[in-house]
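Same order as they appear, the protein sequences are chains A and B. Letter by letter, the first sequence follows residues 0 to 179 in numbering that gives the first Met the number 0. Letter by letter, the second sequence follows residues 0 to 415 in numbering that gives the first Met the number 0.
Calculated directly from the structure, the hints in this document are not laboratory data. A few of these clues could be false.
Said to hold, decoys possible - Among the chain A residues that face chain B by a calculated CB cut under 7 Å, a handful are:
#1 R18
#2 E22
#3 R34
#4 L50
#5 Q51
#6 L115
Unchecked claim - Using 20 Å as the maximum straight-line C-alpha spacing, the simulated EDC-like pairs for lysine to aspartate or glutamate come out as follows:
#7 A/K164 with B/E2
#8 B/K316 with B/D292
#9 A/K164 with B/E4
#10 A/K164 with A/E152
#11 A/K60 with A/E145
#12 A/K56 with B/D312
#13 A/K155 with B/E2
#14 A/K56 with B/D292
#15 A/K65 with A/E142
#16 A/K164 with A/D114
#17 A/K56 with B/D29
#18 B/K316 with A/D42
#19 A/K65 with A/E145
#20 A/K60 with B/D29
#21 A/K56 with A/D17
#22 B/K316 with B/D357
#23 B/K316 with B/D265
#24 A/K60 with A/D19
#25 A/K60 with B/D28
#26 A/K60 with B/D292
#27 A/K155 with A/E142
#28 A/K56 with A/D30
#29 A/K56 with A/D7
#30 A/K56 with A/E145
#31 A/K65 with A/D7
#32 B/K345 with B/E325
#33 A/K155 with A/E145
#34 A/K60 with A/E23
#35 A/K164 with B/E7
#36 A/K155 with B/E4
#37 A/K65 with A/D5
#38 A/K56 with B/D255
#39 A/K56 with B/D291
#40 B/K345 with B/D366
In this text, all values refer to a predicted model and were calculated from it rather than measured experimentally. Think of the CB as a built atom: it goes at the ideal place given N, C-alpha and C, for glycine as much as any other residue.
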Amino acid sequence: MQVAADVDTLISLAQAGDRDAFEEAFQPLYDDAFRLAIAMLQDRVEAEDALQEALFKSWRKLNTFKVGTGLRPWFLTVVANQCRSMRRTRWWSVQRLASVEVLGAAWPQDPERLDLRRALRRLPINQRLLLVLHYYLDMPFEEMAEVVGGRPEAVKSRTYRALRKLRSVLVGDSLSEVVA
Amino acid sequence: MNERELRERFREEFDAEQPPPGAYQAAVDDAVGRQGGRLPRWAAPAAALLAVAMVAALLPGQRAPRTQPATFSVTRAGPTPGELTARAGPTPTALPAGLVGTPAAAHRESPSVHVAALDSRTAMASAGDMIERTTDGGQHWTVLFPGVAAHNGTVRDLEWVTATVAFAASSYGLLRLDTEPAGWSLVNRRDDLQRLDFLTPLEGYVIAGDRVLRTADGGGTFAGLDVGLDVVSWIQWVTFNQGWAAGPRGVVATSDGGHSWRRQLDFIDPPSTAGAPGAAVAPAWTQVGIRDDLTGFAYHRDGGTGLLFHTRDGGSKWTPAPRQLEGTTSDLVVTGRTSAELVQAKAPGRSQLCGTEDAGASWHCSDLPLGGDPGQLAVRGRTQWLALQDSGAVFATSSDGRTWAARRRPLDAPSD
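Generate coordinates for the entire structure from the input sequences, incorporating the hints supplied.
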């Protein structure tokens, strides 16, 4: 309770234009947001860009945040939307462009690590988001619903659907240890 | 892999991913300090000033020179919205102070014509190295810069920065033009300036040769800016942080004031030299015409072919128009989110005005009742300002695109 009250105070100050309060309120969320961005975008540089833009949008739209509600899902929503926007729209879409392989350039080359990342890469970005939020950031479905939209039950169903897809991808990659 | 194992796998995979040291602090600094965030009180008038500068920045400059001097006369075609008279012409042969011995004047550069409009009644036009201004829709003109004796130089780009301050890139260097009181000054003798994009009378960017330079003192001094393109032909800023640069090989953008640039378009074909042996082929080059932070055009010309691209998301995705533009054209003038106009050569000495309302999917063209090759087009509201080149300079203005009031004058000597 004390922490929540402190965050609320910081947010109120930040909404009044207090830069230091803004910095203090969002700092605890930054690492998780960064990992979420990496998992969604699979590129460190893009993740840094996404976080920078998400912080900018958060500062600019902080007045829309309702004090007393969860700052974490609110900020992760901004980050997720930014990542989706970058993934949906970025990159060169013109036929005359050089053929460029974007994804994977910043990935580690450890083959054991590549399996999960490669499997994630094959999922739609919204399914990636669900899996990362639930299985990595340990976010309950109620909170996830705030980030991705919809009822918690529906989010739960979508998450399990994403999990099945992930497993099928891993199976397709001949990972025999994948079991239901 | 059950759910517990999946969680462990995620942690193994991503726990090691840490943001770089200082990234959070830098991101907060950017978020709080960036234009478009919470703005101080002076921001509104500054934004208005910037808006004027940005509107002027949408006016492209013409690069292809070709002309011979000719006699001065007045011509018009069709019903005339206003009778155009010859400009008042002071100092027709005087050597302006400060330009004595300018190296660029030692060799003749083919003169070109330009026009830059501030609004429907106020515009600047240049022919060769002389710059004039009208404040009544083109009926009367006064000389802002009379040129240099012998008129061996030329203006390469004109830009309004405020309602009273303009700049001209010329073969003599960078000229600052003031209208209240009227006057000019040569603020920099650098003679390779090609294009201008000033945000304020002090801060701006120029294309010098094929590189981008930045100034913070009104063009007195410049510092290089690497945008990641070998050759740069165009630069445009929509805010102090957000800008685009373009060259024959691609389009890049920045959102942090030019510290970092991200490639948005890449043209894999090298500048074309196609065409008949010995034929003059314009080098490939690319311009951007950004309407706002989301919508805009990129126009890539290579030889006699023009490719148009449109973006609705700030350049992350560019959609090519289904039709190519053939032949010589003026630069593209963006008039709306999905609309743009240009002047296209229809035959030697004959041009047509073409416009699109659907991001280049379709074009509607109408013959211009004026002789001349495409020079430069500027549009302010429903008013179009046009500079053509034939045996001299042709300046014209129209409120409907069908009837034009036009004035001709020679390129190489001031006259009345």
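Now for the hints, and whether the structure bears them out:
Given hint, A/R18 at the interface with chain B, holds; its Cβ is 5 Å from that chain's nearest Cβ, closer than 7 Å. With a least beta-carbon distance of about 5 Å to chain B, the hint placing A/E22 at the interface is held under the 7 Å criterion. Satisfaction of the interface hint for A/R34 is found here, the shortest Cβ-Cβ separation to chain B being roughly 5 Å, below the 7 Å cut-off. Interface hint at A/L50: satisfied, since its Cβ lies 6 Å from the closest Cβ of chain B, which is below the 7 Å cut-off.
At its closest, the beta carbon of A/Q51 sits 4 Å from a beta carbon of chain B; the interface hint therefore holds under the 7 Å criterion. The beta carbon of A/L115 is positioned within 7 Å of a beta carbon in chain B (closest approach about 5 Å), and the interface hint is therefore held. For the suggested pair A/K164 and B/E2, the alpha carbons sit about 13 Å apart, so the restraint of at most 20 Å is met. A distance of roughly 13 Å separates the Cα atoms of B/K316 and B/D292; the hinted pair therefore holds under the 20 Å criterion.
For the given pair, A/K164 sits about 16 Å from B/E4 by alpha-carbon distance, which is consistent with the 20 Å threshold. Under the criterion of a C-alpha separation no larger than 20 Å, the hint pairing A/K164 with A/E152 is consistent with the structure, at around 18 Å. Annotation: proposed proximity of A/K60 to A/E145 holds, straight-line Cα distance about 17 Å (limit 20 Å). Proximity of A/K56 to B/D312 is assessed by CA-CA distance (about 16 Å); at most 20 Å being required, the pair is judged to hold.
Restraint check for A/K155 and B/E2: satisfied, since their Cα atoms lie roughly 14 Å apart, inside the 20 Å limit. Pair hint A/K56 plus B/D292 holds up; C-alpha atoms about 15 Å apart against a cutoff of 20 Å. Restraint check for A/K65 and A/E142: the C-alpha separation of about 15 Å stays at or below 20 Å, so the hint holds. A threshold of 20 Å between alpha carbons decides the hint, and for A/K164 with A/D114 the separation of about 14 Å falls inside it, so the pair holds.
With a C-alpha separation of about 11 Å, the suggested pair A/K56 and B/D29 falls inside the 20 Å cut-off, and the hint holds. Between B/K316 and A/D42 the alpha-carbon distance is near 19 Å, which keeps this suggested pair within the 20 Å criterion. Distance check on the hinted pair: A/K65 and A/E145 sit about 13 Å apart at the alpha-carbon level, within 20 Å; holds. At roughly 15 Å between alpha-carbon atoms, A/K60 and B/D29 fall within 20 Å of each other, so this suggested pair holds.
Restraint check for A/K56 and A/D17: the C-alpha separation of about 16 Å stays at or below 20 Å, so the hint holds. With a C-alpha separation of about 17 Å, the suggested pairing of B/K316 with B/D357 holds against the 20 Å cut-off. The straight-line distance between the Cα atoms of B/K316 and B/D265 is roughly 12 Å, inside the 20 Å bound, and the hint therefore holds. At roughly 17 Å between alpha-carbon atoms, A/K60 and A/D19 fall within 20 Å of each other, so this suggested pair holds.
Taking the CA atoms of A/K60 and B/D28, the gap is about 16 Å. The hint holds against a cut of 20 Å. Distance hint between A/K60 and B/D292 is fulfilled; the C-alpha atoms sit about 17 Å from each other, no more than 20 Å. A threshold of 20 Å between alpha carbons decides the hint, and for A/K155 with A/E142 the separation of about 11 Å falls inside it, so the pair holds. Restraint check for A/K56 and A/D30: the C-alpha separation of about 17 Å stays at or below 20 Å, so the hint holds.
About 19 Å separates the Cα atoms of A/K56 and A/D7, which keeps this hinted pair within 20 Å; it holds. At most 20 Å may separate the alpha-carbon atoms for a hinted pair to count; A/K56 and A/E145 meet this at roughly 18 Å. With a C-alpha separation of about 9 Å, the suggested pair A/K65 and A/D7 falls inside the 20 Å cut-off, and the hint holds. Simply put, B/K345 and B/E325 have alpha-carbon atoms about 10 Å apart, close enough for the 20 Å limit, and the pair holds.
In summary, the hint linking A/K155 to A/E145 is supported, as the alpha carbons are separated by about 13 Å, within the 20 Å threshold. This hinted pair checks out: A/K60 and A/E23 have alpha carbons roughly 17 Å apart, not beyond 20 Å. Taking the CA atoms of A/K164 and B/E7, the gap is about 18 Å. The hint holds against a cut of 20 Å. With a CA separation close to 19 Å, the supplied pair A/K155 and B/E4 stays within the 20 Å bound.
Using a Cα cut-off of 20 Å, the hinted pair A/K65 and A/D5 holds, with the two alpha carbons roughly 15 Å apart. Proposed proximity of A/K56 and B/D255 is supported: the alpha carbons are some 14 Å apart, at most 20 Å. For the suggested pair A/K56 and B/D291, the alpha carbons sit about 18 Å apart, so the restraint of at most 20 Å is met. Pair hint B/K345 plus B/D366 holds up; C-alpha atoms about 8 Å apart against a cutoff of 20 Å.
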